[in-house]
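These protein sequences, in sequence, are chains A and B. Here the working numbering is used: position 237 in the first sequence is 237, and no number is missing along the way. Here the working numbering is used: position 90 in the second sequence is 90, and no number is missing along the way.
Just to be clear, a hint being listed does not mean it is correct.
[As the list claims (entries may be wrong)] Within a straight-line C-alpha distance of at most 30 Å, the following computed DSSO-like cross-link-like pairs (lysine-lysine) qualify: (1) Lys79(B) to Lys68(B); (2) Lys32(A) to Lys122(B); (3) Lys126(A) to Lys68(B).
Calculated from the structure, these hints are not laboratory results. None of these values were measured; they are calculated from a predicted model.
Each chain, written out:
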Amino acid sequence: MNVGHAILLFLIFPGFLFTAVLGLLVSWLDRKVTARVQWRVGPPFYQGFADFFKLLGKETIIPVGASRLAFLGSPLMGVAAVTLASTILIAGMVWPNQSFAGDLIVVFYLLAIPSLAIIIGGAASKNALASLGSSREMKLVLSYELPLILAILVPVIQSGGRLRIGELVQYQMEHGSFAWSLSGVIALLVCIMCLQGKLGLVPFDQAEAETEIMGGALVEYSGAPLAMFKLAKAMMLVAMPVFILAVLWGGLGNTTSSFILGIIKYLVLIVLVTLIRNTNPRVRIDHVMKFFWGLVSAFAVLAVILAVLGV
Amino acid sequence: MSLLLKALAKSPWIFHASSGSCNNCDIEILDLLTPRFDVERFGALLVGSARHADALLVTGAMNRKSAKRIRTVYEQMAKPCLVIAFGACALGQGIFRDSYAMTVPLDEIIPVDVYIPGCPPKPEAMIAGIVKGLEKLKGL
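This is chain A alone, in the form it adopts within the complex:
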């Protein structure tokens, strides 16, 4: 793979442009489904793009006493990380032979960086509410990473220690998706819970609680940096469900029907997340930790044990 080809992958397909456009469309789907649940009409399909371009045109305010580099750098870090993650992920799914050894671990770490960007940005903005939001985001990350990594271990164990996304996808093409075994189903449910936390949606939106700490970690952001955070968030709506889809729930397969089935599975994940966020209240941050480290982690450990036993 030469440099030009890699840049093309990173910037156009499946990297920045593809993920951003799809993410903004999916963020519209999220708002539309929310509106329909509440018996409203909801925004038009281009709403995500209108919000993004509007924020680009607004004034960028840097608070007095804020760390300039961290304040402006962290949104770019978030977007760059999620772009790279979705590039490796979707490329590994579409061209399974080209992925490199250990890219599962790389993608897993890259998907944690947008949350770190929110923590750094909030802490750099010299605002009491922002630092409160940062500390909550930190606790949230600590909470969901443990069960998520345990759940991702399940397909690795079932496939006999494969750590390449391409190999996992190919293994599922030959043997059927991991989610059709008992340990796979439990891992999938754990992943959906962690997905909700990772996307920062209600009931796990403590870091950005608008009605409580006024936007939390993002309270001081305006203009283009805010647009970058919103874009990173929209792109996570692509990267994170696709990650679960690829490693655990069959990927896109190699026939037309399995491709369509893969798209439907992705939409099911998105709509499920939206419905969960519309039917639950925000919980307290210590309850989040108790929930993820208690119940969800217990199920994740159970799934790992079952996978070792080969169930």
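Given the coordinates of chain A, work out where chain B should sit on it, guided by the hints.
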């Protein structure tokens, strides 16, 4: 710039600041988010932080405590932005005009773009006011 202004008119995020209102206007604003009126059709959202907002919606009669804070909130907003004076009190201090606690009407503190009269204004009047404000913004 025109694309950005067009996008601004399609996604007005509103920050609501109360300057000592009787809470009637504040409750009426929430009507706009209900299924009957649903301003999210036009991309409007209520946001939690003044930094994110494109329109500052002020209710209440500007008492001594809140008048200078309304000015601070206006200064904290990212420009370009709209200021909407909402309800009889924000327009001309309404029935609280002669109170010892009052300062001056809103438009003597910060520049106001749209006036929405009423006590409280009807939801239709609010939508008409917001649309007028967006038209004004497009003509900038």
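Each hint, compared with the structure:
At roughly 19 Å between alpha-carbon atoms, Lys79(B) and Lys68(B) fall within 30 Å of each other, so this suggested pair holds. For the suggested pair Lys32(A) and Lys122(B), the alpha carbons sit about 26 Å apart, so the restraint of at most 30 Å is met. Restraint check for Lys126(A) and Lys68(B): the C-alpha separation of about 22 Å stays at or below 30 Å, so the hint holds.
In summary, this structure violates none of the numbered hints.
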